[in-house]
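Asker: One-letter residues, chain by chain:
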Amino acid sequence: MSPRFNEGDSVRIIDLGKPGHVRVPVYVREKIGVVERWCGAHPNPEELAYGRSGLPPVDLFRVRLWQSDLWPDYDGAAEDTLDIEVYDHWLAAGDARL
Amino acid sequence: MKATTRRGYHDIGGRPAGPIERRELPFEDWQKQSEALRGILEAKGRIVSLDEIRRVFETFGQDLYNSLGFYERRAEALTLLLVEKGIITSEAIRTRMDEIAAARGLGVDYQRRALYSKAT
Amino acid sequence: MIRASSVEESQPVREGFEGSAYYALMTQALSEILQAKKLVTEREIEAFIAGLEAPQPEWGAHLVARAWIDGKFKRRLLENGRAAAAELGYTIKEAELVVVENTPDIHNLIVCTLCSCYPRSLLGQPPWWYISKAYRARAVREPRAVLKEFGLELPPHTSVRVHDSNADMRYLVLPMRPDNTGHLIEQELMALVSRDAMIGTAAVGAISEVARPG
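Protein chains in written order, with our numbering: chain A, 1 to 98; chain B, 99 to 218; chain C, 219 to 432.
To be clear, the hints were calculated from the coordinates, so they are not data collected in a lab. Think of the CB as a built atom: it goes at the ideal place given N, C-alpha and C, for glycine as much as any other residue.
Distance ranges between label pairs, derived from CB positions:
hint, chain 1, residue 1, chain 2, residue 2, range
1, B, 127, C, 366, 27 to 37 angstroms
2, A, 18, B, 144, 15 to 25 angstroms
3, C, 313, B, 142, 14 to 24 angstroms
4, A, 6, C, 276, 32 to 42 angstroms
5, C, 264, B, 144, 18 to 28 angstroms
6, C, 309, B, 142, 11 to 21 angstroms
7, A, 52, B, 114, 35 to 45 angstroms
8, A, 4, B, 214, 56 to 66 angstroms
9, B, 184, A, 57, 25 to 35 angstroms
10, C, 405, B, 209, 48 to 58 angstroms
11, A, 69, C, 272, 37 to 47 angstroms
12, C, 228, B, 158, 17 to 27 angstroms
13, B, 142, C, 272, 14 to 24 angstroms
The following block holds chain A by itself, in its conformation from the complex:
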């Protein structure tokens, strides 16, 4: 099955509010970015952390975010970005970046 998002797609990193071990840091939640690449499918760490198999594997994407969107007081260049890996279930289709 082909991945849900393609390179260049606008995505929103959602906040699942999920307790337990997750790999999506708070500072990127509810932020909008662009898919940089699909990184293949990998066992879900949220399951592996409890000794389960983590299968079926979950699609992993690298998402590019703009620093000025992440930090209201960011004082670097407007073009500065941050790339982070996000599993499929933490992503929704994003609106165009404002």
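Following the hints, position chains B and C against chain A.
Answerer: Chains B and C in isolation, oriented as in the chain A frame:
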């Protein structure tokens, strides 16, 4: 209202912090030993996994997390995980720690996570 | 229960590196117990430690130097870091190696905010500052200030791209090749590439610092 998780104490990206100390510390023998134990158990049918280790140190308490460095945190989590899985007991670990320490004229303070000299 | 978020998030992170002697003792006790239970053997421990000690920054520098010399290898390295590393005999044990290229327009910086993920099977153990909480906390929010502390001031037209190594990928920065290095062979180029340059907290220095042949 939207469900928002409370930020985990390990989730420190963007938090304020002081200067980065540019230290170069050696990879100590006990750290290698500890990483090896975890790696071997992981390779053997995933008796433990790094994801489980992370889950343990993300839940073993903020004070402990704040006081420990990288390798100490992982060593603590490995022992806790093996106890959780019933592979070892905390009594057995403490008994053996006491024995090894005593042979060196030392005692173990489990509250402070430190060794002290036993005056003879 | 006190809501931790607002109060504690404004507090600086606590570095913490206590208990080394205690954990050395705990590890010894654990090792003896696991050996008594036949779950691990001394031989397995020795072999595993040898595997931990083998990787070193020179391995990464080899990939970088080869990419500088051989444009086709560079394309393969950027396309699939793991496969390209295997060509030179290096086995990346992590899921994938993503190689990110510095250009005059983009400077890349690697950090892992949640734990301390690092391409250990290629570069060995990370430096202490990489696993420090201060670096984990600050590199994503104020990368330019962090780089300045490391002595790297970027020109204003160079944008910074931070990579939070938070999941299954591991990262290696392909630094820019300094000018006036056209006469150097691979081994000499390798010597220019520091560990920090492959994390992104340093650039590869100008050739003037290196003894020229003859």
